[in-house]
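In the order they appear, the protein sequences are chains A and B.
Everything in the first sequence is counted per our numbering, starting at 9 for the first residue and increasing by one.
Everything in the second sequence is counted per our numbering, starting at 5 for the first residue and increasing by one.
FYI, nobody ran anything at the bench for these hints, they're computed from the structure.
Among the hints, erroneous ones may be present.
What the hints assert, rightly or not - Heads up, simulated DSS-like pairs for lysine-lysine below, C-alpha to C-alpha not over 27 Å straight-line: (1) 580/B - 181/A; (2) 467/B - 219/A; (3) 7/B - 34/B; (4) 219/A - 580/B; (5) 178/A - 219/A; (6) 34/B - 228/B; (7) 219/A - 181/A; (8) 182/A - 219/A; (9) 182/A - 381/B; (10) 580/B - 34/B; (11) 467/B - 178/A; (12) 228/B - 7/B.
As the list claims (entries may be wrong) - DEER-style ranges, computed between Cβ atoms: (13) 303/B - 537/A: 42 to 52 Å; (14) 580/B - 138/A: 31 to 41 Å; (15) 303/B - 182/A: 34 to 44 Å; (16) 560/A - 58/B: 47 to 57 Å; (17) 302/A - 131/B: 50 to 60 Å; (18) 400/B - 285/A: 32 to 42 Å.
C-beta atoms are modelled at their ideal positions from N, C-alpha and C, and glycine is treated no differently.
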Amino acid sequence: MHSTTPQPAGTQPALDPVTLAVLQSGLNQVCNEMDLAFVRAAFSPVIAEALDRSDGIYHRDNGELIAQGELGLPVFVGTMQFSVQAVIERVRARGIPLEDGDVFIVNDPYLGGTHLMDVKFVKPFFHQGRLWCWLANTGHWPDTGGMVPGGFSANATEVEQEGLRLPPVKLYKKGVLDDEILSIILSNIRVADQRIGDIKAQAAALATGEKRLAALLERYGADTVDAGIAELRRRACARMRARIAAIPDGVYEGRALVDSDGVVDEPLTIAMRVTKRGGATDATLAFDMSGSSPPCRGPMNSVIATTKSSIYLAVKHVFPDVPINAGTFEPLVIAEPHDTFLYATYPRPVSGCAAEVSQRIAEAVFAALARAIPDQLFAAPAGTSGNLGVGGTDPLTGRSYVMYVISGGGYGGSARGDGISNGCSTIGISKTTPVEIMEQRYPVLFEEFSLHEGSGGAGEHRGGFGVNYRIRIRRGEAVASMVMDHGRTGPQGALGGADGGVNRVRIVRGGTAYVPPHLSKDQNIALTAGDLIEVSTPGGGGYGDARARPRAEIERDIARGYYTREQAQRLFGVAL
Amino acid sequence: MTKLAGIDVGGTFTDLILVDDATGEVRLAKVPTTVDNQAFGVLAAIESAGADPAGLAAIIHGTTTTTNAMLERKIARVGLITTRGFRDVLELGRRTRPTPYGLTGTFAPLIPRELRLEVAERMDASGAVLTPLDEAGVDAAARALRAAGCEAVVIHFLHSYINPAHERRAAEIVRALWPNDFVTTGHAVVAEYREYERGVTAAVNAAVQPVLARYIERLAGELKARGFARELLVMQGNGGTVAASMVAEAAVNTVMSGPASGVIAAAYTGTASGEPNLITYDMGGTSTDVALIQDGLPSVSSELELEYAMPIHVPMVDVTTIGAGGGSLAYVDAAGMLHVGPESAGATPGPICYARGGTRPTITDANLVLGRLDPDKLLSVKEPVPLERVRALIREHVGAPLGLDDDAAAAAILTIANDKMAGAIRMVSLGRGHDPRDFALFAFGGAGPLHACALARELGIPKVIVPARPGLTNALGCAVADVRHDYVRTVNRPLGELAEGEVARVFAAQLREGEAMIARERVAVERIDAVHSADMQFQGQSHILSVAVPDAALSLAQLRERFEAAYWLRFGVELKEIRPVLVNLHTAVIGRRRPLSLAAIAAAAPRPTLAEARIAERSVWFAGGRVAAPVYRREWLPHAASFTGPAIVQQLDCTTVIEPGVRARIDAIGNLVLEV
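In isolation and in its complexed conformation, chain B is listed as follows:
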């Protein structure tokens, strides 16, 4: 049995890719997302693809259940048991303010004050016990929280990252009387110092745990009832999967899983087509996600924030989100400056051309007016708005105030939007010591391929890759994702004070832990890889730099050299006079699943010649004016087709704009490769 299904739930659509490894058969499905319970959409997608769950070897599922729960605050009632004197940490935090300027705005902690209880206990920074744990106090606090209707509980003590004994003992006491498994300890979620960040991460875990557990239980039950006998796998924010039976333990790992699957698909596709260094560019309706992939590995960060003052310090694919999407609004301010975003027309009213009552111009409207989008092919628009009305509204809001004609006004919107996105790409590349010219731009999402050529030119990126199915990239990411577990241990000592072999021992222990975890999951993996890294700093600093450790057995001198090299690359500074400190050791334990052939996904309906793939000619605006550009149907492009822009390539859910002079070709696995 070799059939597997990758299913990704997005804001609007639930996408499915079903691959039969033996026959090479691929089936795709796109059904509306069922917002209240995503499981219905998932089942509908399987049905729509004509698949029988009983015949599937694996289902890999990307869900936004926990993301939505957090954003809408539809979370479980959670209680906190914490060190005496510190119950307000989660409310006071390391507060700044919501915006650098302006002194208003709000913040609500995940756990309200009346549900935050204290017990006597205390460790110092070395892990020595200063006050023993008040076990009777823990028992009483747990009973009080249960009586107050809490469904989940967090145990969060100071310095538990260095000595978790009190948290462990308290958890035993609580579990003995807690009616379910929803007991989270801070050190188990993230064993790193910084009490606010660790506490919030643990609180997020507890807040979404019951929500996720219920969802997965129901979905797994429905699948089982339909004969699915294998393990359901769930995508995590680190870009790997975990077995459904274990996913709720570390529910926080799924909170930012949405963008990760697209990045995983990009890494997989890029590596397969000989481009392991990529900048991913996923532009959707309201925002754009950008990430960096080096040597086929996505950058991972443990310092992301879900929203203001909501840090989630577990390893996650390092995705930068900016407020520019197809629905971003364009406007001219009081001083005559043109802006695009971050305010978005959203799903309702949406862009003017979606005919849902929108009257303010968006990026999508600009693309339409300039001929880049096909007015007859707007997804899910029943009664289109006349093009002339879109043009008139752009004139009113942008053209007239700036003294620009219609095309110039629409083009100005695109230029400003592209500039903003290019800025974000510069920050994730140059800002981290990488030159964007060493990367290819991997464009997907509904709107990414519309802008990719222009962006690449702006940034000096030589090559753009548009995958065969840009609208199904996230589902593909699910289908190809490996099993992954991350471990981190705080060391926090000067390198000079460590003994040779100590680092290797930690890495080995973390690898063993991961191997045991994967064994528990009963998932078929071909081999297990470990990716090690070290967080380091110079003594006295508080920020860390992540240093890749390709060989777990490297010497301390080698580790120091690697750190100094990485520091030079990032900051251009040499500091021979200051001692390096080893802060954390990370190990990602990755169970490699059997690779999937992408050629199968690419297989479309190629026509023998380019001319036969041509469906129309359209007047399209490019820098310098309008030209008549051929329009091709993506599925019909011949194998190894090669041509030069200007051209438009259309497919069901995506349009690629090929600027004049850009060389385009279809590669062996169906990617559209653009040399800009």
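Isolated chain A (complex conformation):
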């Protein structure tokens, strides 16, 4: 492969500031258009409604992030560059020829991935006959096979149980879909008939990006765009350093607990030590997780790509104004946490890493930084995707189905005010699917969808509230699985605020109540018509001393039924 390693920063030809700004928005727009095309054409509701996808542009030689769509799922911020790197390594190692129109498919968690359901397409982009960059996207497929419909196994002990694992192979060769690979994939996943729609949508989004990027290169010239990319990388790095430099030097510790790994009923600990050093030109934040729990038996292991990406997205949540490219991550120094559950290797099961462990890692970062810059932080958000998968066959239509329910929860209070209720997961920007659409598609009835009263953590600024929902199976047999978290301990309060309310799951089978032994994780619970699934999601942590909350606001919260009077007296420490 022809190599064109960029010159070191500082020796680039000078670019005028206007062209630079125009290139930045031009590259972002290429990605935004890919995002939009993917969502509108997708079949998987997880992509189309929950926006569980991302599109980006990556460096031709090292796979580094050049630009990513602004509405891509946050957890993919860092991970896709690792996937592109995995493709590049394989291409180099095996001497795989690259042709215009090729598209690689890959979902191997250990090759820069997340969980198996996140399927990446990686496409070489050629300019004037030479590889110029890579375009890639990720979409969450509703199923990739494995022991549980929907893929969120709660007690797999090896990755083979979790679904079909695809190394980087060409799904499209010179623009033509490979029917043989396609048929292998479709023979190994549930509800396969609609996947062809998602595959075409995912590939079409990359084609859209290709057209727009070609126009950008045509307009400004490849050398100028190259120089712009290098300069934008340098500037993003400078901007991140400027924000970090304002944090007082020191070591800050934060901790977060995962309820259990789904197999062994013991909490897993994330021990996060954040060290700030340096000034405007050399400031760094170092992340050390070496004190965390060892690798676990169940699927709560995290692959390193996800672990790193979780730290990136947490920092981006704290400094949202810093643009995203590879330069943004340069001042973040992550010590790879070998021998912990945050550095999973084959064949450790990983289905919980992208949706749950990632959010606990972010929570640990928030908790550490809340000690450093409390004015800019917030108490912990609900921090669980609340994945519930129900699979079965509807006897009315004879068709099998996989229904996903994802939920929001309360956000933490902050210096600016109370947390919002039913915010989406930290790693997502997902919209929950409307009840009316769920009931059109699946043989279920929602009996309730309401605010989880009392769940907002008390504080001067209280946490937002979680959600309660209750689903009744109307027809046929089904199995339910769930991977959630914060069932044992609520999202952490900050600056003396109380923790938010915990996640609860309760199943009623044949009139008898059943609570999962691990509280927030279980799988393949057999259900039949008339059975119920009840879920309450966590509230956000409180911020500041609850006794400082204005009386009028407590009274308002009582009038609205957010808390009972007794609860409010107890939680806010006042006589009302």
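Let chain A serve as the given structure and place chain B on it in line with the hints.
For chain B alone, kept in the frame of chain A given last:
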């Protein structure tokens, strides 16, 4: 009697166009908007034009009463009666978070929790009754809400889009004891699935209904007292009008009517001058609105959001708003990147050159420094700021940090702003499968014509149209708007399961409903047109694609072909293996009003020669440096004038910049047409 008045209330000015169809006489007025009660401004505008309401055949009114009520949350106290178990839908919604990154921010539902009550009732997704309506419960809930001081009430039940029986019965019970007409049912506002979107749309309707009803009642009363005997018409967000006596029923339709009238005027003007395919570009003080017009018809969407988590799912002219206007602030960030907007200097302090205390450079300031705006002609500036001070502040905030000289710094601000606006135009055109080069750019608003040439060049758009009265475009939109009512029916079945003729029957029923509505309005229309479309998707998708249906009687096979063609155009994907589903059928029933001659509006004070229209010469910056550009007065440009840029064309409330090499001419109806 043939006189009619279009009156549009904007943020700063209330504009009026009065046209006498018989004599061709046109009168214009521009008076300050009266914020607390817009009616005073409206009456002042009529007076200022020297018109007698008694002599008017029609008054068509664009108002921002409901928009402002929503934005400032000065809304009615509303109660909700909803399905047991679901009172929190409006508070929890389909929440994401206000921004993709950052975990703070707020959201307040339109109806607070204590005013959201539940009753036993339930339909399933097929419309079958699972739990009968608890009628006594409805009665008790309505009494409780009334006692709690609610002025309006929303009845919102799950799956009412497929079977509205429970909502209808509940409404009967509530109306029997409710002291006014402000009872909104979800299905009547929007008969589409998605409980949050339908519920919020209904809640917005109820929240602004009393506000709008009071406003219109007072205005209509004042007009009647002055002898106006005809029906007052009000602009809606769909670009059509509705009779004042009926406007409050669907008050939500007026919430986003502001930008619609400008787009309607553009469609009308463009069609009249042989350019039915337009991208409208309305740049004002704080923001820019962009919309697409094809074959003279503005794109309409039912999926717009008023603000974060505030979806309004009624058909509205599909206007994309971006945070770039004359007042957008320019700044350099910590990493040395130049940004323009979305933060705006607003009305106060405004741009530096407005002399209201602004000290940070804006797009308007950049235009001034570069000679594009006339420093002596800034609207409503009494004691102008010296140009040197504007230049110094641009130097301080932009030039020095970037190492650019004064002109280059100001030009950089314009380039970044234009790039941002061009990006928005690409998204509404390319992003929807259209090539901007197939359209003309229709520029209006206070600042649109300042930037239009540069934007068109950036986008490869061959032609720019600046109408005769760019500052009065919205009022013109009112004057030419047709009467319009939109209907939608959810079908939600695979195309293969429908019987031939079923689609045509729905369209026919919707047309009949519209015709009856227009008859009720007592508005003079020349003919009634129906515009049909179908929302379709492949089975398993959740997003829909709107497919135009030019012939209501088309076969199912033809409908399928049209869908597949539209899908290919939009996504470049063919999916023969998956079944198409018909989701919704839409009909816009349009009562065409008598067309207005635009030539009358164009009539100005043309001078015999171009040289006589020239009022000055000014040093103006264009890409490449400064040149001496002639300045013309728009009203004085001769009929069929033709010249080549560089040039500046000035009129009372608008300046057009003509870049070097651009051919400019005045067409038959007074548009300034620029071939870029």
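### Query
If you check each hint against the structure, which ones fail?
9, 10, 11
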